[in-house]
Amino acid sequence: MVSGVVRKVLATLPPLAMASFFLLFSLADPGLAQESHEGAEAAHEEGHEDHGSRAGDSSLFMELFGHLEPHAIFGVWMGGDEGFHVFTPHDLDNSDEPFELNPETGKLEVDPNDLQWDSHGNPLLHKSSQSLNEEWDEMKGGGMGFLIYNINTVMWIAGLLLMLIFIPVASKARRRSGEPPRGAAYGLLESLVQFVRDDMVYAVMGEGAGRRFVPLFLTQFFFVLFMNMMALVPMGHVGGTATGNLAVTGGLALTTLIWIHLSGIREHGFVSHWKNFVPQGLPWFVLPIIVPVEILGMLVKPAALTIRLFANLTAGHLIVLGLFGLVFFFDSIPIALPIMGMSIAIYCLELFVCFVQAYIFTYLSIVFLGASVHPDH
Amino acid sequence: MDMGLGLVGLGAGLGAGIALLGGGGGIGRLAAAAMEGIARQPEAAGDIKGGMIITAAFIEGATLFAVVVCLLLALGASGYLGSAGEAIQVIESAG
Numbered sequence: 017m018v019s020g021v022v023r024k025v026l027a028t029l030p031p032l033a034m035a036s037f038f039l040l041f042s043l044a045d046p047g048l049a050q051e052s053h054e055g056a057e058a059a060h061e062e063g064h065e066d067h068g069s070r071a072g073d074s075s076l077f078m079e080l081f082g083h084l085e086p087h088a089i090f091g092v093w094m095g096g097d098e099g100f101h102v103f104t105p106h107d108l109d110n111s112d113e114p115f116e117l118n119p120e121t122g123k124l125e126v127d128p129n130d131l132q133w134d135s136h137g138n139p140l141l142h143k144s145s146q147s148l149n150e151e152w153d154e155m156k157g158g159g160m161g162f163l164i165y166n167i168n169t170v171m172w173i174a175g176l177l178l179m180l181i182f183i184p185v186a187s188k189a190r191r192r193s194g195e196p197p198r199g200a201a202y203g204l205l206e207s208l209v210q211f212v213r214d215d216m217v218y219a220v221m222g223e224g225a226g227r228r229f230v231p232l233f234l235t236q237f238f239f240v241l242f243m244n245m246m247a248l249v250p251m252g253h254v255g256g257t258a259t260g261n262l263a264v265t266g267g268l269a270l271t272t273l274i275w276i277h278l279s280g281i282r283e284h285g286f287v288s289h290w291k292n293f294v295p296q297g298l299p300w301f302v303l304p305i306i307v308p309v310e311i312l313g314m315l316v317k318p319a320a321l322t323i324r325l326f327a328n329l330t331a332g333h334l335i336v337l338g339l340f341g342l343v344f345f346f347d348s349i350p351i352a353l354p355i356m357g358m359s360i361a362i363y364c365l366e367l368f369v370c371f372v373q374a375y376i377f378t379y380l381s382i383v384f385l386g387a388s389v390h391p392d393h
Numbered sequence: 052m053d054m055g056l057g058l059v060g061l062g063a064g065l066g067a068g069i070a071l072l073g074g075g076g077g078i079g080r081l082a083a084a085a086m087e088g089i090a091r092q093p094e095a096a097g098d099i100k101g102g103m104i105i106t107a108a109f110i111e112g113a114t115l116f117a118v119v120v121c122l123l124l125a126l127g128a129s130g131y132l133g134s135a136g137e138a139i140q141v142i143e144s145a146g
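Sequences listed follow chains A and B, in order. Read in the working numbering, the first sequence has 317 at position 301, and its numbers run on one by one without any break. Read in the working numbering, the second sequence has 114 at position 63, and its numbers run on one by one without any break.
Worth flagging that the hints you see were computed from the coordinates, not collected in a lab. You may find that some hints are simply not true.
One-sided excerpt, in silico: chain A residues whose CB lies under 7 Å from chain B [what the hints assert, rightly or not]:
| hint | residue |
| --- | --- |
| 1 | Val316 |
| 2 | Ala320 |
| 3 | Arg324 |
| 4 | Ala327 |
| 5 | Ile376 |
Calculated Cβ distances over 12 Å to all of chain B for the following chain A residues [what the hints assert, rightly or not]:
| hint | residue |
| --- | --- |
| 6 | Val92 |
| 7 | Lys317 |
| 8 | Leu325 |
| 9 | Ala331 |
| 10 | Leu334 |
| 11 | Val343 |
| 12 | Pro350 |
| 13 | Ala352 |
| 14 | Ser359 |
| 15 | Cys364 |
For each residue, glycine too, the CB sits at the ideal point set by N, CA and C.
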């Protein structure tokens, strides 16, 4: 029984590892670290900022939308002056603006040598990533490391939730093999799991071939679902929309792509798998057209999966943030009440979109995998 | 008068609207055909619904490609994409 649990735990690791890998190494540039002094999710954060009234100030929308970007929670650094150490972003003094607050006068100052200029002779108000990297290297004395962003923590929490919810319920189900266990948790999970297994995997791939892929798609479905739902819960500094980031959705689509090829090669052998991309019985002069189109199609399908999930989640959050920002833009209670109503309605739509997008992602992965395992041209 | 970044915003907004025209029209026609099919043959409702959702997802994916391009333009012009935003700003201000 212990080895069963260990195997389940190990089975959840590959998608998690793939998405984390993708994210860490795409966002490892320290110049992208944002200031995180104003921590929490923007939609629930405006109350903590005391800028006074911001009625009519349209720059607050840009500030709100800036919170959709990933921000660093802590970093791990190896090498350099201090060897291996873990640090918090308060050490990351390097905001990407060339201005600095002079504590005595309370005014912003800029060192003219620090300014950079664009091609029209105007000063650039944000330092480039290259100069930030140079400052970083100077500060740290070389070495390398990575930053853990709020998105990473959201993914870890989602993975942890997956394991905490499914492993106990599944092992309880396995013990009572005679009668089905009762209880609300088991019933809810069973209906969802049965839906994914019967109406999605077996409906597309058939029961024989689909059997070995059911755990993969169950993991994908519930991982995406949990990440989508955690985007709706304000978790403060460590929260955020994990699936609203191209790297995360790209990592998930990459796992699908790798599974498509691995399972096709396992099923048909290495050469036959690639030959299956081209339909049987075609005249030879069509091949130079068909082969590039098929290869392009193979690459575009995971890209479409990525963009679909990313854009749906980000667009929903942009709308909600924009509507909440309108409350502070108008700064009057009679207008705020209908705006709150609208925001709540869009929030409910977001909840629906969570489920639909998880379903669509998994269903299309099943269709693509089924096409590679059972090509029926 | 340097209208460069203003035109970028205009293009992004118009592009998003036109993308919606195409996507919404396509999905509307799809839904109409699906409803008609279900009306003619209620016992095929399950199959039709499955196919409808999949094709709607494909069409919406294509629409969202266009929307993401518009987002990239609009947010890049205001510099909220980190290094990608800088790249877009440099490209846009050089044009």
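Hints, verified against the model:
{"no.": "1", "hint": "Val316", "in the structure": "violated, 10 Å"}
{"no.": "2", "hint": "Ala320", "in the structure": "holds, 5 Å"}
{"no.": "3", "hint": "Arg324", "in the structure": "holds, 4 Å"}
{"no.": "4", "hint": "Ala327", "in the structure": "holds, 4 Å"}
{"no.": "5", "hint": "Ile376", "in the structure": "holds, 4 Å"}
{"no.": "6", "hint": "Val92", "in the structure": "holds, 20 Å"}
{"no.": "7", "hint": "Lys317", "in the structure": "violated, 10 Å"}
{"no.": "8", "hint": "Leu325", "in the structure": "violated, 9 Å"}
{"no.": "9", "hint": "Ala331", "in the structure": "violated, 7 Å"}
{"no.": "10", "hint": "Leu334", "in the structure": "violated, 8 Å"}
{"no.": "11", "hint": "Val343", "in the structure": "holds, 21 Å"}
{"no.": "12", "hint": "Pro350", "in the structure": "holds, 29 Å"}
{"no.": "13", "hint": "Ala352", "in the structure": "holds, 26 Å"}
{"no.": "14", "hint": "Ser359", "in the structure": "holds, 20 Å"}
{"no.": "15", "hint": "Cys364", "in the structure": "holds, 19 Å"}
Hints 1, 7, 8, 9 and 10 from the earlier list are contradicted by this structure; the remaining hints agree with it.
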